[in-house]
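Trainee: Below are the chains, spelled out letter by letter.
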Amino acid sequence: MDAMAAIKQTFFQECEEQLAELESGLTAILEGDGDAETVNAVFRAVHSIKGGAGAFSLDDLVRFAHIFETALDHLRAGRLAPSPDLLKVMLRASDALADLVRATRDETNLEPQRFAALAAELRAFDPASMQQTGAAAIVKETDGAADCADDEIVFRPILMDESMFDEMDAPPAAAPRLFRIRFRPKPALYAKANEAALLLREVSNLGECSIVCDSSELPFLPDLDPEGACLTFLITLSTECDESSVREIFEFVEWDCDLDIAEETDEPAGDGVDISALVERLQASVEAERAALEEANARSAAGATPPSARQNFSPAQVEGSDTGDGVGSIGKSDPAKSDPVKIDPGKSDLAAKGDQPGPSIRVDLERVDRLINLVGELVINQAMLAQRVLEEGLARASGVATGLDELEQLTREIQDSVMAIRAQPVKSVFQRMPRLVREVAAMTGKAVRLVTDGENTEVDKTVIERIADPLTHMIRNAIDHGLETPDVRVRAGKAEEGVVHLSALHRSGRIVIEVSDDGAGIDRPRVKAIAADKGLIAPDAALSDDEIDNLIFLPGFSTAAAISDISGRGVGMDVVRRSIQALGGRISIQSRPGRGSTFTMSLPLTLAVLDGMVVTVGGQTLVVPLTAIVETLQPKVADVHEFGGGARVIAIRDQFTPLIDVGRELGYRADNADPLAGVALLVETEGGARNAMLVDAILGQRQVVIKSLEANYQHVPGIAAATILGDGRVALILDVDAIVASSRADSDAHLLAAAG
Amino acid sequence: MTHSETNSSRRAPDPARARELIAFRIGAQEFCVDIMSVREIRGWTPATALPQSPGFLRGVVNLRGAVLPIVDLSARLGFAPAEPTARHVIIVAQIGRQVVGLLVDAVSDILTVTDDLLQPTPDVASEMAKSFVRGVLAIDKRMISQIALDHVLPLSERDAA
Chain A
1 MDAMAAIKQT FFQECEEQLA ELESGLTAIL EGDGDAETVN AVFRAVHSIK GGAGAFSLDD
61 LVRFAHIFET ALDHLRAGRL APSPDLLKVM LRASDALADL VRATRDETNL EPQRFAALAA
121 ELRAFDPASM QQTGAAAIVK ETDGAADCAD DEIVFRPILM DESMFDEMDA PPAAAPRLFR
181 IRFRPKPALY AKANEAALLL REVSNLGECS IVCDSSELPF LPDLDPEGAC LTFLITLSTE
241 CDESSVREIF EFVEWDCDLD IAEETDEPAG DGVDISALVE RLQASVEAER AALEEANARS
301 AAGATPPSAR QNFSPAQVEG SDTGDGVGSI GKSDPAKSDP VKIDPGKSDL AAKGDQPGPS
361 IRVDLERVDR LINLVGELVI NQAMLAQRVL EEGLARASGV ATGLDELEQL TREIQDSVMA
421 IRAQPVKSVF QRMPRLVREV AAMTGKAVRL VTDGENTEVD KTVIERIADP LTHMIRNAID
481 HGLETPDVRV RAGKAEEGVV HLSALHRSGR IVIEVSDDGA GIDRPRVKAI AADKGLIAPD
541 AALSDDEIDN LIFLPGFSTA AAISDISGRG VGMDVVRRSI QALGGRISIQ SRPGRGSTFT
601 MSLPLTLAVL DGMVVTVGGQ TLVVPLTAIV ETLQPKVADV HEFGGGARVI AIRDQFTPLI
661 DVGRELGYRA DNADPLAGVA LLVETEGGAR NAMLVDAILG QRQVVIKSLE ANYQHVPGIA
721 AATILGDGRV ALILDVDAIV ASSRADSDAH LLAAAG
Chain B
1 MTHSETNSSR RAPDPARARE LIAFRIGAQE FCVDIMSVRE IRGWTPATAL PQSPGFLRGV
61 VNLRGAVLPI VDLSARLGFA PAEPTARHVI IVAQIGRQVV GLLVDAVSDI LTVTDDLLQP
121 TPDVASEMAK SFVRGVLAID KRMISQIALD HVLPLSERDA A
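Chains as they are written, first to last, in this note's numbering: chain A, 1 to 756; chain B, 1 to 161.
Hints should not be assumed to be uniformly reliable.
Stated by the list, open to error - Pair by pair, the computed Cβ-Cβ distance ranges are:
id, chain 1, residue 1, chain 2, residue 2, range
1, B, Arg39, A, Glu391, 51 to 59 angstroms
2, B, Asp123, A, Gln701, 54 to 62 angstroms
3, A, Glu366, B, Arg39, 33 to 41 angstroms
4, B, Asp123, A, Glu391, 24 to 32 angstroms
5, A, Met419, B, Arg39, 25 to 33 angstroms
6, A, Asp416, B, Arg39, 30 to 38 angstroms
7, A, Ala651, B, Phe79, 47 to 55 angstroms
8, B, Arg17, A, Asp611, 49 to 57 angstroms
9, B, Thr45, A, Leu626, 27 to 35 angstroms
10, A, Asp574, B, Arg17, 28 to 36 angstroms
11, B, Arg17, A, Gln701, 33 to 41 angstroms
12, A, Val368, B, Phe79, 28 to 36 angstroms
13, B, Thr45, A, Thr10, 22 to 30 angstroms
Said to hold, decoys possible - Which chain A residues stay away from chain B? Per the calculated CB distances, all over 10 angstroms, these:
id, residue
14, Gln113
15, Leu206
16, Glu377
17, Asp469
18, Glu484
19, Glu497
20, Leu605
21, Thr621
22, Thr627
23, Pro658
24, Leu666
25, Ala711
26, Ala722
Please keep in mind that the hints were generated in silico from the structure rather than gathered at the bench.
Keep in mind the model is a prediction, meaning the values are calculated, not measured.
Beta carbons are placed, not taken as given, at the ideal position from N, Cα and C, and that holds for glycine.
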């Protein structure tokens with residue numbers, strides 16, 4: 001039972017991948033980038049989902065996927081033109097399919113009307129041959145669960161169909177059912193002391209049965225492998241049992257044989273389509289298939305192919321090339337393909353696809369994290385060892401020291417490689433955005449095109465997971481607030497369709513993600529008015545354009561006049577900024593009136609390590625994130641000025657910059673330190689403001705492993721996290737922004753105290 | 001140590017209801033915690049002070065790669081803050097999902113007791129002590145107070161609320 005659940009889990013994981021492929025393929029076709037291979041890929045994605053869903057008897061999913069697949073097949077066969085209208089419906093169908101997959105996975109219910117409506121829309125696109133292909137498809141769908149009557153019930157909610165059907169006819173379970181079974185033992189079956197004759201006898205006990213032995217694969221005597229298996233049994237079984245009881249017989253040998261069970265449906269279809277004609281066609285195609293197989297076998301026998309090459313003719317291969325070529329249209333009703341339990345079609349599809357990435361494995365994330373933790377320990381231990389050796393006073397050139405250097409290099413490499421395991425392309429997040437854009441565009445009545453760039457840029461999985469929400473919000477904002485409505489755009493001389501550009505790239509050890517739109521840009525007078533209105537700034541404050549743009553990041557700021565459905569649900573850009581800052585990133589905005597706005601996020605590649613400057617303050621060792629430091633300098637007596645209320649500023653190249661005493665801010669000492677005895681670090685905060693931080697001394701730079709303080713304690717103001725240094729002691733990592741903010745609050749408090 | 005042996009043999013507690021406690025000293029007083037919440041006992045190592053933390057929080061130390069906060073139990077219970085030496089020990093205890101080090105003078109005993117031996121906290125104790133002491137045990141004329149670990153860290157208090 002658990003094993004089944006695990007397989008199902010894998011199926012849903014694969015579904016997500018297939019859905020992503022489906023969506024990107026459809027988008028490519030819509031944009032005119034699609035070729036025949038794209039169409040095939042899209043078809044395969046839906047087909048694989050259907051195949052897997054069939055294996056787990058997820059009937060709703062099978063039904064919807066089937067209708068979708070039928071439409072895609074028309075597209076693939078060229079019976080339908082890839083018109084934008086069709087593709088838009090298909091994109092919505094892919095969204096619906098994604099919802100359906102998720103609903104099935106979470107075992108929640110979705111309203112069937114939506115799927116019925118979409119199914120009807122898809123069907124409306126079908127060419128006139130719909131009637132027949134639809135019926136043929138039903139024959140193909142011979143797993144009994146998705147028979148015609150069921151199909152009708154879901155997508156046309158008229159329940160009387162089935163009741164009428166039941167009254168007219170005996171219940172389907174009691175009617176004799178006709179199975180065609182193709183049983184081809186492999187050598188392993190006989191090697192495990194199984195006997196084909198016993199299995200066949202079991203089958204014949206189920207009902208009326210005729211067995212034909214297909215000996216066409218028998219090679220000539222000199223080529224015969226005495227322990228090989230060359231016989232195929234074709235069984236026609238008429239029974240009252242269902243397919244599972246047939247399968248039960250072969251349960252213990254199913255891995256050691258090729259087994260195809262196809263049921264032939266004799267039940268009259270509700271549509272009044274001539275089923276017997278279809279069955280005839282089906283049989284004809286079976287015959288044709290068999291003839292082809294026999295011919296191939298004859299050829300191979302004539303060519304004296306050794307029996308070991310026999311697997312060339314296994315049904316999976318035949319079928320794989322079939323699907324790959326796109327020959328297997330639905331009308332053809334390939335008996336091998338109609339087997340609902342076999343997932344092989346999807347597998348062979350994958351094999352047929354040329355541009356597959358290298359082999360990969362799925363690993364539980366917990367295991368990777370454990371490995372990363374252990375490597376973190378290793379790095380710390382290595383550093384401790386190095387320090388001990390140094391303390392012992394061993395010569396730099398001694399064997400031990402050289403060995404340690406090598407060890408250090410090795411640990412660093414291991415760490416990098418382990419981190420790379422967690423790195424993933426941002427594609428997984430970017431892929432969610434087209435759907436969002438479609439939905440938001442539909443809701444706002446705006447025409448939007450999303451252009452993505454650099455989706456293969458890799459970043460730590462945790463970062464990816466945590467940028468999804470802010471990114472969603474930013475894209476919503478870009479469409480809802482940034483882009484104008486089509487008529488306004490036309491009046492402004494722009495294309496009717498707005499463009500939202502989403503890009504990712506690596507820049508100096510960080511990942512930079514940009515969301516830009518070609519909309520109206522930030523309406524600065526309005527932003528300023530709103531900020532003043534909400535008391536966020538003084539009404540007469542003189543602000544630069546940049547400062548005004550940054551007002552939208554203030555908590556409690558929202559420019560939407562009416563709270564719309566899309567953005568403005570009480571969470572604003574301040575939440576976006578906070579979540580990005582929580583990741584150790586920063587966000588900035590550039591906006592040009594009439595030309596659009598660009599939001600730039602810069603994020604660390606990993607949350608596990610950090611490059612830091614190790615400093616001492618008041619006898620404590622602290623780590624300052626290197627990314628925040630602009631430069632370091634030695635304060636001179638002439639540069640430092642008192643600025644009332646105990647605050648000080650330092651002149652750096654004639655710019656007066658607040659000088660923050662870190663020791664005092666963290667409470668390590670009560671009084672201001674002597675700036676001349678220390679070192680000042682010029683730091684830049686998220687808002688771009690510069691401050692100088694006074695520390696006692698700089699010990700050096702190093703990469704440190706980030707350790708959470710919250711895990712065993714709680715958040716400490718002014719401290720971002722902790723790390724373990726080479727001496728085995730814990731050092732704290734400074735939260736530069738929080739220190740700057742708290743120093744401001746302090747001086748405000750000073751001022752208030754003075755005023756009061 | 002002999003006390004506990006005589007103690008357990010004399011009372012022969014019902015094994016199903018028996019619990020084991022680790023007893024330790026702070027100054028002249030004895031306290032104990034449930035052995036099930038104790039992960040390990042280690043010697044004192046200097047801690048890295050945390051800014052803006054309560055006075056009873058000694059700081060944090062490295063416990064095999066994890067950051068372990070050290071609570072000076074003496075200060076936490078309202079006594080004078082400890083002046084840790086190499087003879088002091090840290091009891092590493094699991095509190096909820098967190099692991100916390102408790103700085104005490106020395107570990108003195110392992111006791112096997114049943115719940116009915118636990119007496120309510122006497123009314124004379126200070127408010128501070130009362131919120132941390134679950135009850136007292138009278139064993140061989142000694143008074144041992146059992147510490148309720150849930151309230152030792154400020155964060156756990158907030159979680160409980």
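Trainee: Evaluate each hint against the coordinates.
Mentor: Results for each hint:
About 30 angstroms separates the C-beta atoms of B:Arg39 and A:Glu391, a value inconsistent with the hinted range of 51 to 59 angstroms. Remark: the range hint 54 to 62 angstroms for B:Asp123 to A:Gln701 is upheld by a beta-carbon distance near 59 angstroms. Look at A:Glu366 against B:Arg39: about 21 angstroms separates their beta carbons, and that is not inside 33 to 41 angstroms. A hinted range of 24 to 32 angstroms is violated for the C-beta pair B:Asp123 and A:Glu391, which are about 55 angstroms apart.
Hint check: A:Met419 to B:Arg39, Cβ distance near 29 angstroms, so the stated range 25 to 33 angstroms holds. Roughly 33 angstroms separates the CB atoms of A:Asp416 and B:Arg39, a value that falls within the hinted 30 to 38 angstroms. With their beta carbons about 50 angstroms apart, A:Ala651 and B:Phe79 fall inside the hinted range of 47 to 55 angstroms. Distance hint check: the CB atoms of B:Arg17 and A:Asp611 are about 56 angstroms apart, consistent with the given range 49 to 57 angstroms.
Look at B:Thr45 against A:Leu626: about 28 angstroms separates their beta carbons, and that is inside 27 to 35 angstroms. Roughly 55 angstroms separates the CB atoms of A:Asp574 and B:Arg17, a value that falls outside the hinted 28 to 36 angstroms. Here the CB-CB span from B:Arg17 to A:Gln701 is close to 58 angstroms, at odds with the stated 33 to 41 angstroms. Take A:Val368 and B:Phe79: their Cβ atoms lie about 46 angstroms apart, and the range 28 to 36 angstroms is violated.
The supplied range of 22 to 30 angstroms is broken by B:Thr45 and A:Thr10, whose beta-carbon atoms lie about 47 angstroms from each other. Against chain B, the non-interface label of A:Gln113 holds: every CB pair exceeds 10 angstroms, the least being about 45 angstroms. No Cβ of chain B approaches the Cβ of A:Leu206 within 10 angstroms, the least distance being about 57 angstroms, so the stated non-interface status holds. Separation of A:Glu377 from chain B is inadequate, the least Cβ-Cβ distance of about 5 angstroms not exceeding the 10 angstroms criterion.
Chain B leaves A:Asp469 outside its interface by the beta-carbon criterion, the shortest separation being 25 angstroms against a cut-off of 10 angstroms. At roughly 47 angstroms from the closest C-beta of chain B, the C-beta of A:Glu484 stays outside 10 angstroms, upholding its exclusion from the interface. A cut-off of 10 angstroms between C-beta atoms confirms that A:Glu497 is not in contact with chain B; the least separation is 51 angstroms. Consistency note on A:Leu605: stated as away from chain B, and its beta-carbon is indeed over 10 angstroms from all of that chain's, at 22 angstroms minimum.
Separation of A:Thr621 from chain B is inadequate, the least Cβ-Cβ distance of about 8 angstroms not exceeding the 10 angstroms criterion. Under the 10 angstroms C-beta cut-off, the non-interface status given to A:Thr627 relative to chain B holds; the minimum distance is some 22 angstroms. Distance check on A:Pro658: its Cβ is at least 19 angstroms (rounded) from any Cβ of chain B, clearing the 10 angstroms threshold; non-interface status holds. For A:Leu666, the shortest C-beta to C-beta distance to chain B comes to about 4 angstroms, within the 10 angstroms cut-off, and the non-interface label is violated.
With a least CB separation of 7 angstroms from chain B, A:Ala711 falls inside the 10 angstroms interface cut-off, contrary to its annotation. Under the 10 angstroms C-beta cut-off, the non-interface status given to A:Ala722 relative to chain B is violated; the minimum distance is some 5 angstroms.
Against the hints set out earlier in the document, violations occur for numbers 1, 3, 4, 10, 11, 12, 13, 16, 21, 24, 25, 26.
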